[in-house]
Structure formats: C-alpha cells, structure tokens
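**Student:** Chain residues, written in single-letter form:
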Amino acid sequence: MHRIGVFVCWCGTNIAATVDVKAVAEAARKEPGVVFATDYQYMCSEAGQALIRQAIKDNALTGVVICSCSPRMHEATFRKTVQAAGLNPYMLEIANIREQCSWIHKDIKEGTEKAIILARTAIAKVMLNKPLTAGESAVTKRALVIGGGIAGIQSALDIAEAGYEVDIVEKQPTIGGKMTQIDKTFPTLDCAACILTPKMVDAAQNEKIKIFSYSQVEEVKGFVGSFKAKIRKKARFVDENLCTGCGDCTSKCPSKKNKNEFNLGLDNRPAIYIPFAQAVPKVAVIDAEACIKKKTGKCGLCEKVCSAGAIKYDQQDEIIEREYGAIVVATGFNPIKLDKYDEYAYSQSPDVVTSLELERLMNAAGPTQGTLLRPSDGTHPHTIVFIQCVGSRCDDARGKSYCSKICCMYTAKHAMLIREKYPDTDVHVFYIDVRTPGKNFDEFYRRAVEQYGVDYIKGMVGKVIPHDGKLLVQGSDLISNEQVKIDADMVVLAAAIEPDPTARSVATMLTASIDTNDFFTEAHPKLRPVESPTAGVFLSGVCQGPKDIPETVAQASACAAKVIGLLAKDKLLSNPCVARADESLCSGCSVCQNVCPYGAITYEDREFRIPGPKRSEIRRVAQVNEAVCQGCGACTVACPSGAMDLKGFSTKQIMAEVDAICR
Amino acid sequence: MPVKTTENGEFKPLIVAFCCNWCSYAGADLAGTSRLSYPADVKIIRVPCSCRVNPLFILRAFQRGADGVIICGCHPGDCHYTTGNYYARRRMTLLFSMLDYLGIERKRTRVEWVSAAEGVRFSEVMNDFAKHITELGENKKLEDLRCKKSLD
Ligand SMILES: Cc1cc2nc3c(=O)[nH]c(=O)nc-3n(C[C@H](O)[C@H](O)[C@H](O)COP(=O)(O)OP(=O)(O)OC[C@H]3O[C@@H](n4cnc5c(N)ncnc54)[C@H](O)[C@@H]3O)c2cc1C
Ligand code: SF4
Ligand code: SF4
Ligand code: FES
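Protein chains in written order, with the numbering used here: chain A, 1 to 663; chain B, 1001 to 1152.
If you're looking for bench data, these hints aren't it; they were derived computationally from the structure. Model, not experiment: these values are computed from the prediction. Please note that a few of the clues may not be correct.
[As the list claims (entries may be wrong)] Here are some of the chain B residues that sit facing chain A, going by a computed Cβ distance under 7 Å:
(1) Val1016
(2) Asp1029
(3) Gly1032
(4) Arg1035
(5) Ala1040
(6) Lys1043
(7) Ile1044
(8) Ile1045
(9) Cys1051
(10) Arg1052
(11) Arg1060
(12) Ala1066
(13) Thr1082
(14) Gly1084
(15) Tyr1087
[Unchecked claim] Computed list of lysine to aspartate or glutamate pairs in EDC-like fashion (alpha-carbon distance at most 16 Å, straight line):
(16) A:Lys405 <-> A:Asp433
(17) A:Lys298 <-> A:Asp314
(18) B:Lys1004 <-> A:Glu110
(19) B:Lys1004 <-> A:Glu113
(20) A:Lys400 <-> A:Asp518
(21) A:Lys256 <-> A:Asp287
(22) A:Lys109 <-> B:Glu1007
(23) A:Lys228 <-> A:Glu321
(24) A:Lys282 <-> A:Asp248
(25) B:Lys1012 <-> A:Glu110
(26) A:Lys304 <-> A:Asp239
(27) A:Lys252 <-> A:Asp287
(28) B:Lys1012 <-> A:Glu113
(29) A:Lys463 <-> A:Asp477
(30) A:Lys221 <-> A:Glu626
(31) A:Lys526 <-> B:Glu1118
(32) A:Lys178 <-> A:Asp548
[What the hints assert, rightly or not] Some chain B residues close to chain A (C-beta under 7 Å, calculated; not the full set):
(33) Pro1048
(34) Cys1049
(35) Asn1054
(36) Ala1061
(37) Gly1065
(38) Tyr1081
(39) Thr1083
Even glycine gets a Cβ: it sits at the ideal position worked out from N, Cα and C.
Bound-form chain A, shown alone:
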C-alpha cells in the first residue's frame, strides 16, 4: 500500500502569487495513494524540512512529492531530508511548479490548474518509484596530466604538493610547451626561461611526479576514480636512465641538416639532439628519419662517443599501463598554419615571419643568438611592420571566428622590445582593435605607443609584395581614411592560435566534449569552468580557450584544486539511476551494447529453467556495469525485447506520467 505525502511550497510569493497552493494541496489529497498533503511558506528552510520529516514519521509515508522549484535546484536537499526521516532518498519526486508554472503564467486560475496537473504527474510517478542505493567505488589516488606545457606543469606541481602522485604525459621530447620558445613575457618583460625552467626542474625532481616525455596516451578506459590508461613511450633510441645530457653525441653527428623544430625551422639540428639546453628531461633523442645508422646501418658515431653507453639503436616503443583517479587535459595550442594567407607573402619571403618565429629570432638561445637579423640576408631590419589578427576574428573559412586574445599584448611586447634594443628601427602595427583587458595591460600598450613611439595604424593590410629584397606593405588607415604604403624590411604576422591537432582525438578518447573550434568545453561556462562534462576529467590551460600565462596558471591551479578534492575522497557514490536488463526477457541480441556510449554492457551466460524434457537452457544475457553506466537510457529504447529498463526513469514511470498529464 502506498502512503504518499504531498508538500506544496509557496516559495514566499514566488509560487503563491500565481498558484493557489491550498487548492493544489487540496486536489493532491484526493489523488489515490495520497494520505497527507499540506502547504508551507518555504519547504527548503530548516522549518520546512522539519515539517516534512515529522509528516513522514507521523503518517508512515512511503513516498514524498514536493511541489516547489526545479529539481535541478533542491532535489539533492530534499533527498537528504526524506532520508533523515528514514525513507529511501529515491522515494521522492519533485513537481516543478515554480520555473515551469508560477513564474511563467500570470493568471492564477491557469497557474493553479497546471500546478495540479504537475502535482498529480509527480504523484503518479512516485507511486512506481523503487528504493535505490547508490553504488560505491574506490578512488585511485593518482592523477594523469596530458600535456606538459606550463598548464600541465602547474597542475601537476599543485597536485603533488597536496601529496598525490601525478604522471605528466608529454608528446615532445621535453616538457615546457610553447612557453619554452617565448623570449620575454608581457606585461612584466621577465624572461620566460627564467620563470619557467625552475618549474620544469621542480616537476622533474618532485618524487610524486613522473614525467613520460616523448609519449602519448593511447587509450583510456574506466570512469571517475578508476581510469585505466595505456601510454605509448616512443622509442628515442637513447636510454633515459643512462644518458647524462652531456651532448657529446650531438656535436659529432654527421647528419646535421635537419629542421630544428624548437627554432621553428629557422636553423638546423643534428639527427641526435637535445631540444634545448634546459630541456627536461635532458636526454638526447635520435630522429630515426634523419639518422644514418637507422637508415643505412652504417655510422654509429654517437654510440662510439657516448661515454655513458646510452645509445640504443634497437630500442622499441614501450606500452605502459597505469591507473588514475582523475585526468587533467592540458594539451595547449599551436599557431595556425598560414598557407591560406598568401596575400601576406609568408611562403614567398623568409622575411615574413610569425610572431612565434620572431620570439626565436629575438631569443639569446635562438638561431641568431638574440640579434634581430633578417632571415633572408642576415642584415639588420630598419623598418618592421606587424600585422595583427591574421586569421583571428575572421569571418571566412580560412581563419577563426574568435579572438585569439594574446596577440595584441605580445605584439605590443615585440614592438616595444625592438624599439628599445634598436632605436633606429621604425615599427608600425596594423590592428583592428587593440584589446588589453588585463592587470597592467593597457598601461603596457600605452607605454609602447607613448614611450617607445610605436606607430599604431588602425586598419587592415591588403597585400605584402616582395620586391628587390624589400617588402611593400599596402594597407589602409581607417582613421585618416587613406591608403598606406610602407617599404618594410620585415613583416611579422600575429597568427591566430588553435587547439593542438590532437584535441579531437583526446576528447573522443575521454568522452569529453569540444566546441566547434576544438577547444574543450567546460561542464558549466560560469560555474564549473575547470571541469569537463565528463566526471573525473578536468581542463587546464589553452586547451579550453585562448589564454595568456597568468590566466593559464590560475586555471591550472584551480583545476588542481578540483583534482585534489576528488583524490581526497576514499569512496565515490555513483548515480543509482542506471540501466538494468530483465534477464528473463533478454535475448542476448547485443543491440544495447552497440548503442551504449560508455561500453557499460557485457554479456554473461545464465541457466534458465524451461518447460519440457530439457528442463533448463543456457542463454546469453546482458549485464550492465553499474559503475560505468551513466544512465542515459539509450539502451532501453534500443532493446527490441523490452528487457532493458532505467531505474528512476523506468518505462512504467514515464508512461504513468504521460497518462497523468493526459487524464
């Protein structure tokens, strides 16, 4: 026998103004199964909750309906309330008579009628509710960080600081990300290496942190609290434990003409190389495609010079399996390719460079030891033109519709640094808008204009024409409304940034979501900015959207706080509203397994009694792993036998709701 109690909330006047709450309680009382109905000013207040608890005890209620605000608001609160009075927390339904009724209807008669229907729908459902118990699962106290840029490093350091183990998986031979390639950083102009490399060393020396460099995560299975990952550690043909990073091999290697990725192809490196002096780990890598020994079997010079005996030409990729409680995505970004922007002559002239290339040309550890020289002829440039928003805020398909956020500031930085070091150089900047919304950012930009005399021109560049070793820049000045022509020695393009090309495959692997631009989406854009919608997967750095270093680090630490909060738990409670197959109806057809996005369904052989001489038969039936099932219900509709049902949203319950609405 059901003994249902109905509690109608006034929500002050939020509900009571357009819904006659007494009439709703009165109508509810007449519904079959209802033994108690009342109204109260604020059901969610302590007094309201006490009233509910008392009524459950006094009337021996078996189920509760609360007519109030949205269940997305207070369902969790009221579940606790009924549980405190001895009821199963899932013997509760909420009729949303505020967001769906009182707030959108002005007429009290109309509002009351609708509220009565919503109440009786909830009553019809709760009559079919079954007590449910949330499952418990253990938490592996280790985090995985994918991507070892400043974002990944900061998150890892913070998590390790709290006492948990962290693995950083970085696809490059060294951690550090784009920040290792930057020369000085706005708005303070401190050198990037000076603030980054100590952090890289901290990460390497922290005993809680394990760095898998030159590695990639290949597969992730499992769920929040217990993920299982397969990491491919690519063969670098050098034993990491033996290599001392002395670099003797790199100077002897005869295969020297290979594009140096670290300097963005502005100079060459040998086949065996260490990306840069402060690399972490400081271990050589052999580029198998350039290595003479790997290609022809001859040479072997590096093996001979290596006093540590670290060279291992036959090293193989290694697959490492590790378990994690939480995963941090910190895969960062790349500047876009500029092959579609040939009006700026990027592919025609070596003197047209991207901003990141300029960082290398100005860096003391770069190809020109920090002296700004034209890549074409090694002379000093006397006129430099910067073009902002190349591919950002772009409404055609070549570029990105969003603002890359960092380019205004780094262009001001570049312009200022050049003017300071080479006062005889004229610097012009073409811009659409200058956006400087950050602490000390606008002051920084104004210094570039006022103190360093950088010529900012509001307008677009139509064409860059290489001629006689120079670059003719044709643009328009929107303020004076004139055409501008500048004969420049160098042109610098502030290319838009985009997520790392692996973002999409990483998102698929983690069932996390990305937006149309491949940036990872957050669980809530305002209130849960560092969590992905997938439980246990967190976001750090530019992989979530364009950011500068201060913002990246802030987000990385926020992300770490969320991870620590998760790892600090001993057990996780899972959502009990999961699917279940009725074994007597299941035909083992595998349809449900094919639609389940989480791989929660497996099959097992079961023995069933059957009429006839055989008496029993073995059938294959579906089994739902309750810890993996997220409760979407896709399988329940796909099941041709009607064997699969979803707890808490069963077919019977939803049918009863339909019937109650259409009564």
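Chain B with the ligands: place on chain A using the hints.
**Tutor:** Below, chain B with the ligands without anything else, positioned relative to chain A:
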C-alpha cells in the same frame, strides 16, 4: 478525457514535452527564471536524455488525447552523453515517417534542440509549437479510433 476548451469555448490543446535533463530541461528552467512565458498547455516530462524517449511514450500520449508532442534535447554534438540526441533524432525521424499511417498527423510532433543557455529559445519554441497545434485543432483523427473506448 482532458478538458480542451476555455470558458469562452476556445480550443486549448494538450501538449506533452519531453525534455532532457542536461540541456532542454535546464533551458526551461532558465525560461522560468527569466519570466519568459509560454502557454500553460505545455506540460514537461523530464528524462535523462532525449535518447530515453521511447516511441511508445509518444504513441501513448496521442492515444490518451494529446494534441501535440515535442521532444527537446541538447544541440547536436552537445549531448551530455555524447551521442544520445543522434539516436533520438534517428528514432524520431523513423517514427514520424510512420505516424500518418497510424492515423496521427505527423505535424503534431516536433524535435527541437535547446541548450541550457537558451531560455529565450525555449519559450519561443514552445510558443511556436503551441500556436501551430492550436491552429491544427484537436487531434480528432485518433479519437475516432475504436480502441479509444476500451481505454477509458
Ligand atoms: C608568439 C607568442 C607569444 C606569447 N607571449 C606571451 C607573453 O609574453 N606573456 C604571456 O602571458 N603569454 C604569452 N603567450 C601565451 C602563452 O604561450 C600561453 O598562454 C601558454 O603557453 C599556454 O600554456 P599551455 O600549457 O596551456 O599550452 P602549451 O604551451 O601549448 O602546452 C601544451 C603542451 O601539451 C603537449 N601536448 C599537446 N597535445 C598532447 C597530447 N595529445 N599528448 C601529450 N602531450 C600533448 C604539447 O606538446 C605542449 O607541450 C604567447 C603566445 C605566443 C604564440
Ligand atoms: S647513428 Fe644516427 S644519430 Fe648516431 S651519429 Fe650516426 S646519424 Fe647521428
Ligand atoms: S543507460 Fe546509457 S550508459 Fe547505461 S547501459 Fe544504457 S546506454 Fe549505456
Ligand atoms: S542529454 Fe540532452 S540530448 Fe542527451
């Protein structure tokens, strides 16, 4: 049977809306919080995901006298469960293609994507659908069926 006329004799349709918990139901909440009205004829049933909507539920609603049924989910690509709304879209396309044959006008059904941030869109969708169903009038076709009698 539900009452389908107002005091002055105007037709008031009965509309059932299935809304997924993560986007559309939240969109409905936002419409409420922003006080954006839509007709009281619309009654919402909360489901975890649009892929939980069994074609049976829709047929049942029509059988019981609903004049319109609308299914709302997250925008393609945004489903909380990644692919649920793709299943829903395919299933509903198939079901809708058979409705006329079953004696239910296909125009009485709709699938719409509404995100949690689209309170305005939620109310617009519901206003538009309610207007459309009101114009179509009562779901007489199915009422004529014999089976209805035995259900009452
Ligand atoms: C030209 C230029 C100048 C800049 N100047 C400044 C400045 O002066 N001040 C400032 O505040 N900011 C500046 N920035 C911005 C700054 O570079 C970024 O904010 C910062 O690098 C973001 O860090 P991140 O860790 O999110 O990304 P990244 O630095 O891109 O790091 C991501 C890391 O993840 C790795 N990775 C990617 N995918 C995978 C995968 N699937 N598996 C394993 N590893 C993976 C990458 O190899 C990389 O190491 C500048 C940017 C540019 C382009
Ligand atoms: S074996 Fe390969 S890496 Fe070593 S020195 Fe020869 S070419 Fe260079
Ligand atoms: S409800 Fe969804 S997650 Fe759970 S088993 Fe079915 S399809 Fe998989
Ligand atoms: S959760 Fe909204 S459609 Fe799947």
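**Student:** All hints, please: hold or fail.
**Tutor:** Hint check results:
Restraint check, B:Val1016 versus chain A: the minimum CB separation of about 6 Å is within 7 Å; hint holds. A least Cβ separation of about 4 Å between B:Asp1029 and chain A falls short of the 7 Å threshold, and the interface hint therefore holds. Taken as an interface hint, B:Gly1032 checks out: its beta carbon lies about 3 Å from the nearest beta carbon of chain A, inside 7 Å. Satisfaction of the interface hint for B:Arg1035 is found here, the shortest Cβ-Cβ separation to chain A being roughly 6 Å, below the 7 Å cut-off.
The beta carbon of B:Ala1040 comes within 4 Å of a beta carbon in chain A, closer than 7 Å, and the hint placing it at the interface holds. For B:Lys1043, the suggested interface contact is upheld, since its CB lies about 5 Å from the closest CB of chain A, less than 7 Å. Because the smallest distance between the Cβ of B:Ile1044 and any Cβ of chain A comes to about 6 Å, under 7 Å, the interface hint for this residue holds. Interface restraint check: B:Ile1045 against chain A, minimum CB-CB distance 5 Å, threshold 7 Å, status holds.
For B:Cys1051, the interface hint holds, the least distance from its beta-carbon to any beta-carbon of chain A being 4 Å, beneath 7 Å. Contact between B:Arg1052 and chain A, as hinted, is supported at the beta carbon level, the nearest pair being about 3 Å apart and thus within 7 Å. Among the interface hints, the one on B:Arg1060 holds; its C-beta lies about 5 Å from the nearest C-beta in chain A, closer than the 7 Å criterion. Interface restraint check: B:Ala1066 against chain A, minimum CB-CB distance 5 Å, threshold 7 Å, status holds.
A hinted interface residue such as B:Thr1082 counts as satisfied when its beta carbon comes closer than 7 Å to some beta carbon of chain A; here the least separation is about 5 Å, so the hint holds. At its closest, the beta carbon of B:Gly1084 sits 5 Å from a beta carbon of chain A; the interface hint therefore holds under the 7 Å criterion. About 5 Å separates the beta-carbon of B:Tyr1087 from the nearest beta-carbon of chain A, less than 7 Å, and the hint is met. Annotation: proposed proximity of A:Lys405 to A:Asp433 holds, straight-line Cα distance about 11 Å (limit 16 Å).
The straight-line distance between the Cα atoms of A:Lys298 and A:Asp314 is roughly 14 Å, inside the 16 Å bound, and the hint therefore holds. For the suggested pair B:Lys1004 and A:Glu110, the alpha carbons sit about 13 Å apart, so the restraint of at most 16 Å is met. Under the criterion of a C-alpha separation no larger than 16 Å, the hint pairing B:Lys1004 with A:Glu113 is consistent with the structure, at around 13 Å. Taking the CA atoms of A:Lys400 and A:Asp518, the gap is near 11 Å; set against the 16 Å cutoff, the hint holds.
As the CA atoms of A:Lys256 and A:Asp287 are separated by approximately 11 Å, the hinted pair is consistent with the 16 Å bound. Pair hint A:Lys109 plus B:Glu1007 holds up; C-alpha atoms about 12 Å apart against a cutoff of 16 Å. Under the criterion of a C-alpha separation no larger than 16 Å, the hint pairing A:Lys228 with A:Glu321 is consistent with the structure, at around 7 Å. The hinted pair formed by A:Lys282 and A:Asp248 meets the criterion: a straight-line CA distance of about 13 Å does not exceed 16 Å.
Proposed proximity of B:Lys1012 and A:Glu110 is supported: the alpha carbons are some 12 Å apart, at most 16 Å. For the hint pairing A:Lys304 with A:Asp239, the CA-to-CA distance comes to about 15 Å; that is within 16 Å, so the pair holds. Our distance criterion of 16 Å between C-alpha atoms is met by A:Lys252 and A:Asp287, whose separation comes to about 15 Å. About 13 Å separates the Cα atoms of B:Lys1012 and A:Glu113, which keeps this hinted pair within 16 Å; it holds.
Between A:Lys463 and A:Asp477 the CA atoms are separated by roughly 14 Å; this keeps the pair inside 16 Å, and the hint holds. Note on A:Lys221 and A:Glu626: the hinted pairing holds, with a Cα-Cα distance of about 15 Å set against a maximum of 16 Å. Restraint check for A:Lys526 and B:Glu1118: the C-alpha separation of about 15 Å stays at or below 16 Å, so the hint holds. Proximity of A:Lys178 to A:Asp548 is assessed by CA-CA distance (about 11 Å); at most 16 Å being required, the pair is judged to hold.
Taking 7 Å as the C-beta contact cut-off toward chain A, the hint placing B:Pro1048 at the interface holds, the least distance being around 5 Å. The closest approach between the C-beta of B:Cys1049 and any C-beta of chain A is roughly 4 Å, which is under the 7 Å cut-off, so the hint is satisfied. Because the closest C-beta pair between B:Asn1054 and chain A is about 5 Å apart, less than 7 Å, the hint holds. The restraint placing B:Ala1061 at the interface with chain A holds, with a minimum CB-CB distance near 5 Å, inside the 7 Å limit.
At about 5 Å, the closest approach between the beta carbon of B:Gly1065 and any beta carbon in chain A falls short of 7 Å, and the interface hint on this residue holds. Proximity of B:Tyr1081 to chain A holds as hinted, the smallest CB-CB distance being about 4 Å (cut-off 7 Å). The restraint placing B:Thr1083 at the interface with chain A holds, with a minimum CB-CB distance near 5 Å, inside the 7 Å limit.
When held up to the earlier numbered hints, the structure conflicts with none and fits them all.
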